[in-house]
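Undergrad: Numbering follows the numbering used here, with no gaps: position 62 of the sequence shown is 62.
Derived from the structure by calculation, the hints contain no laboratory data.
Mixed in with the good hints, there may be bad ones.
Calculated cross-link-like contacts (lysine-lysine; reagent style DSS-like; alpha-carbon spacing at most 25 Å) [to be verified]:
#1 LYS106 to LYS132
#2 LYS136 to LYS106
#3 LYS153 to LYS132
#4 LYS153 to LYS133
#5 LYS153 to LYS106
#6 LYS133 to LYS106
#7 LYS136 to LYS153
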Amino acid sequence: FFFKQKTAYEISLGLGGSEMCIRDRYRYSLSSLRGDYARSITGLILCISPIIFAFELKALIWLMIPLIALFLLLLFSVTLRHVTTITVTDDLIRLNSLFDTTIYWKEINEISLSYFSLWRTGGKGWMQLRLKKTGKTIRIESSLEGFEDVISKALLAVHANQVHIDTTTASNLEALGLNLQKQEVGI
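Could you build the full structure based on these sequences and the hints that come with them?
TA: This is how it looks when you write it as structure tokens:
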């Protein structure tokens, strides 16, 4: 019997067989998260300062505690995104974070690409890709390096699995310059 010896990296990811053919690994860069880090830290400083310097105002303290909790939650969320990696192989997509989530391409039964904006005009927004199989969901934001590559791979799987693409997702794909007809040819 001959067995392929796994590398330490493959063992740490728990990969085996055809899963070991890692095509790409993506991360959220510090530069894409810098604004979120700045907002959460600034918010914490602004909320903690009155508690430290104006301790006699008890009503102010009770107002600041929920805000501190909110900014701590934001900081935790940003840090979690910063340490997250997305691994893409020919067979699967894996989100490595606090909890690892793996979805095999052949199991995807739903895809959505949503656009979010904080401006009324629709500018300065971001997209979120949601890949779903029964019981598991992977969400990826457009600040991920290689976001378009992940979407292209997901589209191939969606077409192979004959998953319906809703009109909102289709128009957001077109906004990224991804033509659904071109993706079908690539299968």
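Undergrad: With the threshold set at 25 Å, check whether the alpha-carbon distance from LYS136 to LYS106 stays at or below it.
TA: Distance of about 14 Å is within 25 Å: holds.
Undergrad: Is the straight-line distance between the alpha-carbon of LYS106 and that of LYS132 25 Å or less?
TA: The hint holds at about 11 Å.
Undergrad: Within a Cα-Cα threshold of 25 Å, do LYS153 and LYS132 meet the stated pairing?
TA: 14 Å, holds
Undergrad: Taking 25 Å as the top limit, are the C-alpha atoms of LYS153 and LYS106 close enough?
TA: 12 Å, holds
Undergrad: Quick one, are LYS133 and LYS106 close enough, alpha carbons at most 25 Å?
TA: 9 Å, holds
Undergrad: Could you grab the alpha-carbon distance between LYS136 and LYS153 and see if it respects the 25 Å cut-off?
TA: Between LYS136 and LYS153 the Cα gap is close to 18 Å, so the pair holds against 25 Å.
Undergrad: Decide if the proposed pair is consistent with the structure: LYS153 and LYS133, CA atoms, cutoff 25 Å inclusive.
TA: 16 Å, holds
The structure agrees with every numbered hint stated previously.
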